[in-house]
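Q: Sequence lines, in order, name chains A and B.
First residue of the first sequence? That's 1 in this note's numbering, and the numbers climb one at a time after it.
First residue of the second sequence? That's 1 in this note's numbering, and the numbers climb one at a time after it.
Derived by calculation from the structure, the hints in this document are not laboratory data.
Everything hinted at is true.
Which bits of chain B does chain A cover? Going by a derived footprint, with three or more residues having C-beta under 8 Å, they are:
{"hint": "1", "stretch": "3-13"}
{"hint": "2", "stretch": "16-24"}
{"hint": "3", "stretch": "39-45"}
{"hint": "4", "stretch": "76-89"}
Pulled from the structure, derived: some chain A residues nowhere near chain B, Cβ distances all over 10 Å:
{"hint": "5", "residue": "Ile-17"}
{"hint": "6", "residue": "Lys-98"}
{"hint": "7", "residue": "His-139"}
Here are the simulated distance ranges between beta carbons:
{"hint": "8", "chain 1": "A", "residue 1": "Phe-83", "chain 2": "B", "residue 2": "Val-69", "range": "18 to 28 Å"}
{"hint": "9", "chain 1": "B", "residue 1": "His-97", "chain 2": "A", "residue 2": "Val-167", "range": "25 to 35 Å"}
{"hint": "10", "chain 1": "B", "residue 1": "Val-69", "chain 2": "A", "residue 2": "Gly-85", "range": "26 to 36 Å"}
Predicted model, so just to flag it, every value in this text is computed and none were measured.
From the three backbone atoms N, C-alpha and C, an ideal C-beta is built for every residue, glycine too.
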Amino acid sequence: MSVLFAATVPDIMTFVICAVIVLSGGIGVVMSRNAVHAALSLVLTLFGIAVLFIEQHAYFLAAVQVIVYAGAIVVLFLFVIMFLGVDRMEDVRSEPLKGQRPLALVMIAISLAGVLALSATASWVTGAHHVAGSLSAGHHTDTFLLGKSIFTTYLWAFEATAGLLVVAVVGAVVLARRPSRVHDEDTAPRSPLGRGRGGRAAPGPAGASGPGSDEERAEPGEAADAVSRAEVGR
Amino acid sequence: MSIGPAWYLGLAAALFALGALGVMVRRNVLVMFMCVELMLNAANLTFVTFSRVLGDIGGQSLVFFVLVVAAAEVVVGLGVVVAIFRRRASTTADDLHGMKG
Chain A
1 MSVLFAATVP DIMTFVICAV IVLSGGIGVV MSRNAVHAAL SLVLTLFGIA
51 VLFIEQHAYF LAAVQVIVYA GAIVVLFLFV IMFLGVDRME DVRSEPLKGQ
101 RPLALVMIAI SLAGVLALSA TASWVTGAHH VAGSLSAGHH TDTFLLGKSI
151 FTTYLWAFEA TAGLLVVAVV GAVVLARRPS RVHDEDTAPR SPLGRGRGGR
201 AAPGPAGASG PGSDEERAEP GEAADAVSRA EVGR
Chain B
1 MSIGPAWYLG LAAALFALGA LGVMVRRNVL VMFMCVELML NAANLTFVTF
51 SRVLGDIGGQ SLVFFVLVVA AAEVVVGLGV VVAIFRRRAS TTADDLHGMK
101 G
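Isolated chain B (complex conformation) (with noise of 0.2 Å):
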């Protein structure tokens, strides 16, 4: 038997409070997917825990749905990168005000 449900879920809280924190404080374009990242995999564990605490097997279902999204995520938001790269020549979130009033 493994540990209790507690333990995951304050490992989860944690690693989604790194990720909001790098998003929050970070710059670069890049590390920010990175956390967000992070945030989607302290998701996933608290899915699996819960599947496995109701011994339900649509948690571990929406974990593999959570992976789907999170390629392509990635996919488009590393695509925008290279695009705003192209005519930027930067990957930092500060240079990108061109929408600014």
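One chain only, chain A, in its complex shape (with noise of 0.2 Å):
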């Protein structure tokens, strides 16, 4: 099986160059104690990828890689952490649930290893070439193929994404969005960062960030509802 066939030297250093900062940026995301640092090390596997892509002639998707995902969803990821102060260490090494690790590694390397003994002994024909349109008719770039393809064969997914990220900001908005005094008097929510008017004293960021049992964290809420509800009473 010539899985190697007519590949250059740059070529075979690029992808084994990427490969490896796929991997141990993947490792890194999994094993870091700390969340910065799994989101830095995702942005490099997020890179690691962009290059593989424009190793496969895929230039818009790298460029939409780097510029989504490195940009958008591991800035989010990152102002997220820093905004709830979850950025301390977490005790990797503690295991709540007994043999939980060596149970999923054991799976894992199951799965992995089934499907590289399939993708080995499979057949490589999966049927027709270029169903959706061929990448190489007529000289054209890969992004007007691309542009092509989504506004004419893929134009009703097109404008189900539209909608589905219409909703997903609304969506994100009421989720986020810090409830009204009204509706704070019927839940009495136990949140240290919601409602800072009337129990700021107590819990406070460091509170927040701090250990302490679940109890612990609900004394100054409490407190601060039973404030807000004297005033209601006056």
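Could you use the hints to bring the two separately framed chains together as a complex?
A: Structure representation (structure tokens):
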């Protein structure tokens, strides 16, 4: 089986270096104790994938990968990590569920070996070539072909993703919005971040990110609720 | 000419396995989201590889849509994480046992 057919030395070197970068970034995401370090390792992996896209002549997707993933999604991750103040070290070594990690490792190893064995022994014939549009037709760039494909063949899916994005934005705004004051009185959430007006003194950001049991954290919020209820009663 | 598809598919499988392992092992919800992104990227690499092998632009179009869905998923997921953090002051999956019987 000629897996290295007609590959030049720069191609092989690019692939090997990018594979090492991608896998080390992935290991960094899984193993790092700090969430910020995990996000930076994710950037490493995404850049490696982008270079592999370029290597496979998907230039537009490589640019989109860098802009959307590394430029928007990872920044969003970092923003939430910093906003919540959860960038402290997590104890990775402690294992609350006994035997969870060995079991997960064994299951992943079995699955990976199965996929690799399947792809090594299966035949590569997958059907007709270029059903949705040829990549090499008329010497067009991949950007031209991708745009043509998206705005003709996949136009309905494209419009559906537009709707999906609008729904996602509205959902994020609704989810992340601070609950209104009237709603606060009804549900009385025990929130250290959401309501700073009543009980600002005790919880604070330090109390929110520091260690402590759930009940301890709940107390200042309930005190704040009592204060606000007293205000309403007055 | 680039390297044959088998190497790319093997790399994508390894990356997907890493992502799945992270989702199973890690307990920080944010890191679990990042591991989901790893799995999506492995799938994207597979799409682009088959797009090149079969000479079909459809694979690259699908990667485009996967990117859009990933962005929407991250936006909503992080909104949920922020909303949970308002109530619980924790982003650990072990603490989210509110629906436990």
